[in-house]
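Peer 1: Listed here are the chains, written in short residue letters.
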Amino acid sequence: MSDHTISITVNGKTEEHTIEPRLLLSDFLRHQLGLTGTHVGCEHGVCGACTVLFDGQPVRSCLMFAVQANGHEIMTVEGLAKSMGNLHPLQQAFWEAHGLQCGFCTPGILLTLLPFLAENPRPTEAEVREALSGNLCRCTGYQHIVDAALLAASRMEFGN
Amino acid sequence: MKPAPFEYIAPTSLAEALTAVRQHGSDASLLAGGQSLVPVMNFRLAQPAMLVDLNRIPELDYVRREGNGFIRIGSMTRQRTLERHPLIAQYTPLLHEALPYIAHPQIRNRGTIGGSLAHADPAAELPVILLALNGRVQLQKSGGARWVHGRDFYTDLFTTARAEDEILTEIELPPLPPRTGVAFTEVARRHGDYALSGVAAVVTVDERAVCTAARLVYLNAGDTPISATQAAALLVGEQADEEVLTAVAHATQQEITPTTDIHATADYKRHLAKVLTVRVLQQAFTRAVNE
Ligand SMILES: Cc1cc2nc3c(=O)[nH]c(=O)nc-3n(C[C@H](O)[C@H](O)[C@H](O)COP(=O)(O)OP(=O)(O)OC[C@H]3O[C@@H](n4cnc5c(N)ncnc54)[C@H](O)[C@@H]3O)c2cc1C
Ligand code: FES
Ligand code: FES
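One line per chain: the protein sequences are A and B, in this order. Residue 1 is where the first sequence starts when you use the working numbering, and the numbers rise one by one after that. Residue 1 is where the second sequence starts when you use the working numbering, and the numbers rise one by one after that.
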């Protein structure tokens with residue numbers, strides 16, 4: 001099967017890679033680029049752990065082939081904090097409000113919330129729950145995640 | 001790696017894509033949003049030898065309204081785009097109402113209208129909306145195109161009238177007559193899951209609020225979307241009184257054929273269909289009168 005050479009921008013950095021077409025975007029990010037912050041839970045679109053931003057919009061990276069991202073921009077959870085020890089305000093809010101326990105679902109949840117809060121700077125609790133309906137968490141019971149999202153929204157001046 | 005190996009091409013024009021499907025025939029699968037195809041490839045339930053990716057064909061991504069009121073939607077238009085489109089909200093409120101029930105925002109960001117219609121899942125929302133709005137789909141192959149009515153498009157479980165070398169290119173939705181009300185509702189275990197039962201109603205009334213035409217279309221009630229034409233015909237000449245709506249809801253039971261699965265029994269799905277029928281009809285009548 002023929003390989004393809006793609007040029008892809010991940011967290012602001014453009015790189016060229018030669019890959020098999022069947023390589024999932026999630027596996028490309030984790031294995032080729034070593035960006036293991038993108039988690040894989042179900043690998044069939046149900047859990048949301050693998051959510052990344054594709055040209056700014058949240059998508060399931062387990063339901064795309066890396067070859068399809070040729071020429072596009074991807075943002076993973078590693079792109080959130082400007083530097084080590086300098087959390088993104090959304091991450092900061094999760095830390096303060098105990099929005100995670102094991103953290104497996106957290107990267108997908110952060111990348112779902114980032115564009116959601118940019119579009120809905122003052123969401124209601126119900127809107128936050130609806131926005132998170134595609135992300136499964138097996139630990140928290142969601143309450144602290146919702147609290148964290150609302151805390152982040154209250155500080156929405158953070159920009160991106 | 002999860003999926004089996006395949007060759008991949010990403011044509012940048014419809015003409016190129018049509019040539020590719022003609023050349024590769026049953027070896028090739030079309031890749032739209034991938035939200036149904038990639039899961040089955042990850043399970044290796046589907047192992048296409050070649051993928052023809054339609055995502056780099058901008059000419060299949062559009063929403064237009066014509067002078068005569070017809071809405072035309074390119075097959076590669078994302079579900080999320082439609083959900084936010086002002087023309088869809090204003091002129092096809094039934095489609096607008098149904099879209100948020102499909103999965104989750106992350107899935108609608110990739111999933112396309114054409115992909116959902118072609119996939120022909122009897123539990124999906126969009127095929128039901130196509131039938132309820134009396135829409136048609138355009139199928140193109142190299143050297144030809146044809147139009148197929150929604151009601152003729154679905155032939156069996158996950159099966160359509162589309163031939164292997166055809167690409168679904170456009171969806172056409174005619175304007176609704178004056179004094180027409182629409183409504184859609186469904187019941188799912190969790191928000192975003194495929195629904196256990198769901199129904200779309202389209203009701204037209206005259207000046208005296210008497211029904212002159214009606215359509216009722218069900219999801220997850222058989223092998224294809226089910227249009228309960230005989231039950232809907234009972235509405236003609238009637239007003240929205242409770243007895244009539246209940247009788248219609250009973251009559252639909254003759255036309256729907258839900259089956260028991262791990263999510264619910266056939267009996268429970270029938271019960272839901274009955275309750276939801278009365279609900280959507282009340283809403284559709286009210287909207288028709290207030291139109
Ligand atoms: C977790 C999850 C939950 C979901 N929940 C729902 C739900 O509640 N309701 C619902 O309706 N859907 C649901 N879906 C499915 C989703 O809506 C898909 O987007 C849709 O069914 C398929 O559209 P697609 O563009 O992704 O098509 P693809 O997955 O790319 O393609 C699906 C099939 O259609 C064929 N095809 C695609 N485009 C064309 C074309 N233009 N011409 C001819 N053939 C074509 C493909 O070859 C393939 O066989 C869910 C999906 C997931 C992963
Ligand atoms: S790993 Fe992608 S949705 Fe679960
Ligand atoms: S914190 Fe463990 S899955 Fe969400």
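Simulated from the structure, these hints should not be mistaken for laboratory data. It is possible that part of the hints are untrue.
[Claimed, not checked] Some but not every residue of chain A turned toward chain B, in silico, with C-beta under 8 Å:
#: 1; residue: E20
#: 2; residue: L24
#: 3; residue: D27
#: 4; residue: H44
#: 5; residue: T112
#: 6; residue: L114
#: 7; residue: A126
#: 8; residue: E130
[To be verified] Where chain A lies over chain B, by a calculated footprint (3+ residues, C-beta under 8 Å):
#: 9; stretch: 15–27
#: 10; stretch: 63–77
#: 11; stretch: 94–106
#: 12; stretch: 157–166
On a predicted model such as this, the values are computed, not experimentally measured, just so you know. For every residue, glycine included, the Cβ atom is placed at its ideal position computed from N, Cα and C.
Peer 1: It remains to establish, for every hint, whether it holds in the given structure.
Peer 2: We went through each hint and held it up to the structure:
1. A least Cβ separation of about 7 Å between E20/A and chain B falls short of the 8 Å threshold, and the interface hint therefore holds.
2. A cut of 8 Å between beta carbons decides the hint on L24/A: the least distance to chain B is about 6 Å, and the hint holds.
3. The closest approach between the C-beta of D27/A and any C-beta of chain B is roughly 7 Å, which is under the 8 Å cut-off, so the hint is satisfied.
4. Checking H44/A against chain B by beta carbon gives a least distance of about 4 Å; that is within 8 Å, so the hint holds.
5. For the restraint placing T112/A at the interface with chain B, the shortest Cβ-Cβ distance is roughly 7 Å, inside the 8 Å limit, so the hint holds.
6. Hint status for L114/A: violated, given a least beta-carbon distance of 12 Å to chain B, over 8 Å.
7. Interface restraint check: A126/A against chain B, minimum CB-CB distance 11 Å, threshold 8 Å, status violated.
8. About 7 Å separates the beta-carbon of E130/A from the nearest beta-carbon of chain B, less than 8 Å, and the hint is met.
9. Remark: the stretch 15–27 of chain B is not confirmed as covered by chain A, as 0 of its residues place a Cβ nearer than 8 Å to a Cβ of that chain, below the required three.
10. Evaluation of the coverage hint for the stretch 63–77 of chain B: breached, as 0 residues show C-beta separations to chain A shorter than 8 Å, against a requirement of three.
11. Given as covered by chain A, the stretch 94–106 of chain B passes the check, having 4 residues with a CB less than 8 Å from a CB of that chain where 3 are the minimum.
12. Evaluation of the coverage hint for the stretch 157–166 of chain B: breached, as 0 residues show C-beta separations to chain A shorter than 8 Å, against a requirement of three.
When each numbered hint is compared with the structure, violations occur for hints 6, 7, 9, 10 and 12.
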